[in-house]
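Asks: Each chain is listed here by its residues.
There are 2 protein chains.
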Amino acid sequence: MPQNQHLFATVLAGGSGQRFWPLSRELNPKQLLSMFGTESLIAQAVHRILPFTESGASIVVSTNERLFDELRNHLTAQPDERLHAVRYIQEPLPKNTAPAIALAAATFAEQDPDAIMVVLPSDHLLEDGQLWADCIEAAAGVAQRGYLVTIGIAPTRPETGYGYICAGEVIEGAQVGGAHPHVAAEFVEKPEIERAEQFVASGKYFWNAGIFVMKASQVLEELDRAGGAEAAIAETARWIVSLPTSERNNEQVRERFSAIEPISIDKAVMERSEHVAVIPAGLKWSDVGSLLALEDIAEHDATGNVRHGRGVDIDSENTIVYSSDRLVATLGVKDLVVVDTTDATLVLPKDRAQDVRLVVDALKAVGAQEVTQPKVSLRPWGSWQSLLVGPGYQIKQLVIKPGSKPSLQKHFHRSEHWIVVEGVAVVTRDEDVFEVPVNNSAYIPLGSVHRIENRGTDLLKVIEVQVGDYLGEDDIVRLEDDWDRESK
Amino acid sequence: MPQNQHLFATVLAGGSGQRFWPLSRELNPKQLLSMFGTESLIAQAVHRILPFTESGASIVVSTNERLFDELRNHLTAQPDERLHAVRYIQEPLPKNTAPAIALAAATFAEQDPDAIMVVLPSDHLLEDGQLWADCIEAAAGVAQRGYLVTIGIAPTRPETGYGYICAGEVIEGAQVGGAHPHVAAEFVEKPEIERAEQFVASGKYFWNAGIFVMKASQVLEELDRAGGAEAAIAETARWIVSLPTSERNNEQVRERFSAIEPISIDKAVMERSEHVAVIPAGLKWSDVGSLLALEDIAEHDATGNVRHGRGVDIDSENTIVYSSDRLVATLGVKDLVVVDTTDATLVLPKDRAQDVRLVVDALKAVGAQEVTQPKVSLRPWGSWQSLLVGPGYQIKQLVIKPGSKPSLQKHFHRSEHWIVVEGVAVVTRDEDVFEVPVNNSAYIPLGSVHRIENRGTDLLKVIEVQVGDYLGEDDIVRLEDDWDRESK
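Line by line, the protein sequences give chains X and S. Quick note on numbering: the numbering used here labels position 275 of the first sequence as 1148, and the sequence is numbered without any gaps. Quick note on numbering: the numbering used here labels position 324 of the second sequence as 1197, and the sequence is numbered without any gaps.
Don't read these hints as lab results, they were simulated from the structure. Careful: at least some of the hints might be erroneous.
The list treats identical chains as one, so a pair stands whether inside a single copy or across any two.
[To be verified] Distance condition first, Cα-Cα at most 20 Å in a straight line; then the derived EDC-like pairs of lysine to aspartate or glutamate:
id : residue 1 : residue 2
1  : K1237     : D1188
2  : K1274     : E899
3  : K1207     : D1228
4  : K1223     : E1032
5  : K1157     : E1032
6  : K1207     : E1190
Using the sequences plus the hints, can you model the full thing?
Replies: Next comes the structure, spelled out in structure tokens:
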């Protein structure tokens, strides 16, 4: 399919990914994880639709205020610059999929009354290639004729955790892999196993993967038609988009958005509209719904173990070991999942993989920061990680991207020593600006206005030794910032 | 019991403690672990006998060349200065207990023909107090009259993994807790469960805890009398002790020692001598034989879990979680052991706790340094640990004890930046000697002769950033050292 100037896409990226802890964190949700392919799930999602849109700017990442910084930092850190051009919609708070999709629909419809929008989850795996391109082309054609199109995935097993779409009458439109588009006759959420088996055997039921192709204007009209809470969603979305961009995060918006009923697009639109189509497709798909998805990242050994990372498994069977960097050994265990990250480890039997949120809830209750913060914190200018915290001192490694610089800042409670271990830094310290090459250091006294900058073309790596009576991240006064973070 | 100038002790500390990995390492064996009480097992062992000897110098820690540095660094790091006075016997290589005990016996007998020696394992737990003091006093008396005395622990369960001693006729001597000394009628190693049950029921069998009290001269005479390989052990021991101290580690010693048959003191002496006594004692004792010993370090929760360290256990049962510093969570597991250290994690079912050496062997085979090195390396002057290793740089934290200094040294391949984060350093850099207070730094250029010293009364903590093309521990030329390490 060629690029289509009327094609827009929204990538839904508000998920907090509790089920993937400790790999995911509240501020590093599943869509940012990179173990399922050569790039993160969200980068895969954006790349999935990018070839068919006019540019990255036709794609909107829909998220909430809490995750916005993390997602932007992540996507702007990707080597493909087209991903830097995507736009973002920040919902003041999560309200399920209908409000997010309505907000994107209103955005696209305002920009192009003929906009066709693709809705894509940000944290799934989906087979790419010709079949997918054919799907999008056919779906865009069917949507053009007034259908809300869902891509139905041909089921490979009687999964009881998914939703199913029943294909009804054939409708006009391009075939995809030999299959016609159909009217969607029925939506069934999480069937019993017997029913799921019948569905798979029938050949008429398809998995609802949350991928939709629809006229943006029609999405809003369908919400209007539903009336009540649904109509209020469309009205709020149109109103927010009518505001100048600078006002879309103000208190009034927050208030009206808070009043919205949280509801899914399936319930709000798909299950009640008369104009829903399904395009069946034999695409490989996974919702990467639990840590069991790690089973696919490596080959099984002779006794069914799957391992990523250093270590050994002695007399263990059917066990998944995922270690991000440390040594992990198992001895004589069976059907377990062991996930080990730089700062946290989780051990559970495979059949409890759906319950990881119980652990996250319990850890939250005891205030464990490991449920929120990843060990490496991404920033627009690169990343930092804490290496050691002691009484009155902290050691960090800063990695600063070529051409980037953290804010011009000062601290009230700490001095900093910077030792350059890779690259060349340009340091601003009050009135002075000077170069600090590798194996050299600079001292930033308490209260001094300072900045570090990477003017080179390679990464700059700096060891920062902080000494002071308070070392929190909130002791930063930003005087100037490339990413408008002064006010925070 | 008062101090006895003829009482000497050898603490057997050659064990490599594979069964406690990843808590123990080859260079940080079980006897150095501190989780079973307020101090390490070996410090407990030394303190157990110290009140009854003339001074710390009457105690010899018997170990091998590989562990000598680690043990000395550990004991000299203890706050009780009496532990700094203990002496060390380094066997060129491990040969089981008889040669180690013979070497200690020869050492003591040369110093004092009337020496009574106590043999103590370095890695067990044993109840201290009046009963123990009575045991030692009674045992010394019985040994004085020509018996090889064993302390027999009253068994509390039919343990099949231990050795048992049968108490025969009563002999003359002080009672201990109401029990007379007996002739040892029989040694039985690891009985079947039925037999072990009979032993416990009989009241006449006692656990062999490897604690012996004997005339040093008699130990050698019994070996002589046995002839053959045993007599060769006594002869070699006497010969080594006849050499000047400086020659006891030479090539000839190594050769003669290599020729010795490895044999236990039980087989070489106890099981064949006619003059063995047992003093039964109701002392609480554990050989801390496997990771299951961790069960005793904390209270069980309502579902039988024992936990040390941060984290949560959700729906888990009868599980031991030991975490030295990281967050560890379990969900729905049963009868597991999870041991998590700074650099390695082990997961196993409780009933495989005896097989941890299989993991160690497998890790050794793949060259994992985590089987050898602990994360924090003790040195005579304090300790260091690596915080981060990158291409061409490494970050370490050094902790230097009051009044201590690492060697005067230089490197051919690296520069070093020292940032003082606690205390005051005195830095020697070529011709200069200068103070570096907290929140100040010093740069040591490549090739420069340097030293860091703590002349204060508190700990000195320094962050060292190394930059260079080779960062191995062997790029150290020691020009002067308080611990005679120049030649290494």
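Asks: Indicate, hint by hint, whether the structure satisfies it.
Replies: Hints, one by one, checked against the model:
no. : hint           : in the structure
1   : K1237 to D1188 : between (35 Å within a copy, 17 Å between copies)
2   : K1274 to E899  : neither (24 Å within a copy, 41 Å between copies)
3   : K1207 to D1228 : both (18 Å within a copy, 16 Å between copies)
4   : K1223 to E1032 : within (16 Å within a copy, 35 Å between copies)
5   : K1157 to E1032 : within (14 Å within a copy, 57 Å between copies)
6   : K1207 to E1190 : both (5 Å within a copy, 16 Å between copies)
Figure legend: structure checked against the earlier numbered hints; the only hint not met is number 2.
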